[in-house]
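Participant: Here's the letter readout for the chains.
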Amino acid sequence: MTTTTATSPVLEASGVTMRFGGLTAVRSVDLTVNSGEIVGLIGPNGAGKTTFFNCLTGLYIPTEGKVSYKGTVLPPKPHLVTNAGIARTFQNIRLFANMTVLENVLVGRHTRTKEGLWSALLRGPGFRKAETASRERAMELLEFIGLAHKADHLARNLPYGEQRKLEIARALASDPGLLLLDEPTAGMNPQETRATEELVFAIRDQGIAVLVIEHDMRFIFNLCDRVACLVQGEKLVEGTSDVVQGDERVVAAYLGTPFEGAPGDEEVAEVEAAETGTGAQSTTSKEGSAQ
Amino acid sequence: MTMTTTTQTTPTTPDTPRGLIPLPQSAARVLVALGAIGTIASAYMSWTWTSDFPGDLTYYGSPAGLQILALVAGVLTLLYALTRWNIRGLTWLNPAGATAPVFLAAASAFAVTWFSAIAIAVDLGGLANLDPGAYVAIVSSLVALLGALALPSPGDTFKAWISKPDNIPPAGRIPAWAERLVVTAATALGLIVFAYGVGVDPDASETFLGYLLLVVFGTWALITAGLTDRFSALNARHKGFATSMAFLAAALFPFVENNEHNANLGVNILVVATVALGLNIVVGLTGLLDLGYVAFLGVGAYAAALVSGSEFSRFSGVQFPFWAAMLTGMAASLVFGVLIGAPTLRLRGDYLAIVTLGFGEIFRISVNNLDGSSGPNLTNGPNGISMIPDLEIFGFNFGSTHDIGSVTIGRFANYLLLMLIITAIVVLVFTRAADSRIGRSWIAIREDETAATAMGINGFRVKLIAFALGASLAGLAGTVSAHVGYSVNPAPYQFAGSVPPNSAFLLAAVVLGGMGTVGGPILGATLLYLLPEKLSFLKEYQLFAFGLALVILMRFRPEGIIANRRRQLEFHEAEEPDIPDQSLPDTTVGATKAGA
Ligand SMILES: Nc1ncnc2c1ncn2[C@@H]1O[C@H](COP(=O)(O)OP(=O)(O)O)[C@@H](O)[C@H]1O
Ligand SMILES: [Mg+2]
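Here the protein sequences come in this chain order: A and B.
In terms of this note's numbering, the first sequence opens at residue 27 and continues consecutively.
In terms of this note's numbering, the second sequence opens at residue 407 and continues consecutively.
Rather than coming from a laboratory, the hints here were simulated on the basis of the structure.
This structure is a prediction, so every number in the text was calculated from the model and none was measured.
You can trust all of the hints, since none of them are fake.
Reference listing, derived: stretches of chain A covered by chain B, where coverage requires no fewer than 3 residues with Cβ under 8 Å from a Cβ of chain B:
no., segment
1, 117-128
2, 131-141
3, 149-163
Examples of chain B residues lying across from chain A (beta carbon under 8 Å, computed):
no., residue
4, Ile844
5, Gly845
6, Arg846
7, Ser847
8, Ala850
9, Glu853
10, Ala857
11, Ala860
12, Met861
13, Ile871
14, Leu875
Ideal Cβ positions, reconstructed from N, Cα and C, are used throughout, including at glycine.
With the rest of the complex left out, here is chain A (with noise of 0.2 Å):
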């Protein structure tokens, strides 16, 4: 692990824009994450956070703008974004759901092995090798997460919230400089969103700078040195929490105007967030869109 100076920046968007036809899904959005940071994005739902992941990560190229990590330009394919040092988790959960736990976080290797066909068919030493060291950090990482005891269990078949922290292990086996959570608690219970937050830290302290998405306010204020908050595609304020937690800008987009004998708008958003995230569990989504 590169241990970087205290505020090199880690990511640098700038002036990202994704166009969806006529609809503008992101506009002109700019947001710097150092090393060793916890960046929040917030928004309504349908702000443009998750077409903006998708943007950072090659998943879309954006109509406009540029993303660069650690200081060069990437380009907007995402095995090479990946390869770069960027890895991501989706707010629909997308594990390889027949494959095993263990196969899971061996895929997320991908990147930093190399042996090819060739020496899969040969099996020489340097294969075996690469792959007991493989086995060896994927078991480690699930150690991490606490998995390690499920390592041999189809995805599929563990639970929602070890789905989601699967996940999470799977990014973190491409060794990455910045990890982009998507709703990591979507679904979760107060427990468990806890013990994410544990998780997050437990990252950040690797020297995993990390960009988040949440609607769990709690979450994201405990967490996040920074916070930016996304209204319909452009970015309204950013700040320390207690800065955006103060905007009054921000209320009003989650709360809409205010008026008497509203319910607890945040907790509806909640809600929709949790009932997004597991409805799409349950599809195995093939489709070529990316959430």
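Could you slot chain B with the ligands onto chain A? The hints should help.
Facilitator: Quick look at chain B with the ligands alone, frame taken from chain A:
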């Protein structure tokens, strides 16, 4: 979910759970045993008076055709009946002392004898054609079946009579050499059973149908007795040994079944099985639906034919040694695979299927037209390249007969042994590739291509490797098949047809047998090749029968005959005992999901 039937029945005092027929258990056992003995005895009597019926069942004292099958079924029933007396030395046959295997063994005898009697009556026109032996057979097997039904009922539903009980005791450990001996014996038994089936006269469809009945019911009985589970556990423990035994058994096939026609059948089966295994890399592991795969077999075959020295070849002066021809065939298929794959593999799902279908047809049509009149002369058009000389490797001529020990093996047996080596290579390639970084990325792509690319997998590159590897393996098989068949012509390399190596056939073999496994496509190809060959009345309805078989299988066993561990879990999750028990703190998740 629906697994509540067992366990909560009455405690197992001997007589409490009565069978379907109210008889004391001891009487039921005796009935089964007597029925079984009767069935065995009937095999030594004449079943019909005329030798017109296939297999000639007219002799006293020497069983033939269907009678042999009845004899085997009778012995199986007798053995399983005896296991109900807890006879020492037989308990391994039925470790749980279950009723289901006894019932199924009796059902096999019943099915074989009644089918025979009905076939005789129908074929020869009337019951008058049945000799006393046939009556003894049908009565005895009926008695055995009724006796089995009077045995203690294994459950309330009919399903319990034909499914494996849950409480099979674990096998006692025996020394490793003994385990290997068991593996050897089981493999030998498999070889004998297979060789018998292949050896059935193609005109005796009746005998083959009887054989199928016996194999299906007999295997089923062994499954419900828990023997197949034990055998696969042994296989897993002695993997290398079991695999070499399987190949040794296949190599012994030409010696057991020493007859050129059957050896030819064996080679052809091996060719299609090998190609199906190659297709399994593309379809089963990577999840790419390739509907034009047979073209790669064609490319390999044509490449080998062109450099074989045949006088009909465009390069008739050129005769490569076999290793060079083999590499040429593989290389040609590889190039063709990359050429087709590079533009098409960027497509997903249905688009890829349609485009590969198109390319497959383009290959056949091109080959048809590269005859010098409608295009440059390369393939000799629809006439193909014939008179391909036999192979010669290290002075061993594959065209002539050779004496090995006291056995003379002929041309097709030579090729069978060669093809077996090729199959072994392909099996090795498949297993090694599947269990590696590249294999995992194939499966990841199959599972979720977007997530796979987000994990750093270059989807296009990895899919192209799978496609190219599959293509070159098919090309490799093609080089041998060109020599085996004396000639190559464009006709067989189509999408669907009545002659086996076509894309639909190969795909059906993979899907029927079990995607993503080694044994699946081999078994699938064997069955699909052998059945129409032996059941000549099926020939015209072959495609229809294919479709029907696929529909039935997809309904009852969507993971294929041989299930990949993963696919098995995927489709039968509720029945799988191995599901992680969720007694950990996470049990709250379900509630949160619903109510958060
Ligand atoms: N592939 C796409 N094609 C068209 N519209 C899209 C696509 N992906 C996202 N959108 C739209 O972009 C907007 C932002 O969506 P999203 O980024 O998922 O929001 P969030 O994650 O903030 O809830 C939504 O209106 C959504 O419908
Ligand atoms: Mg989102």
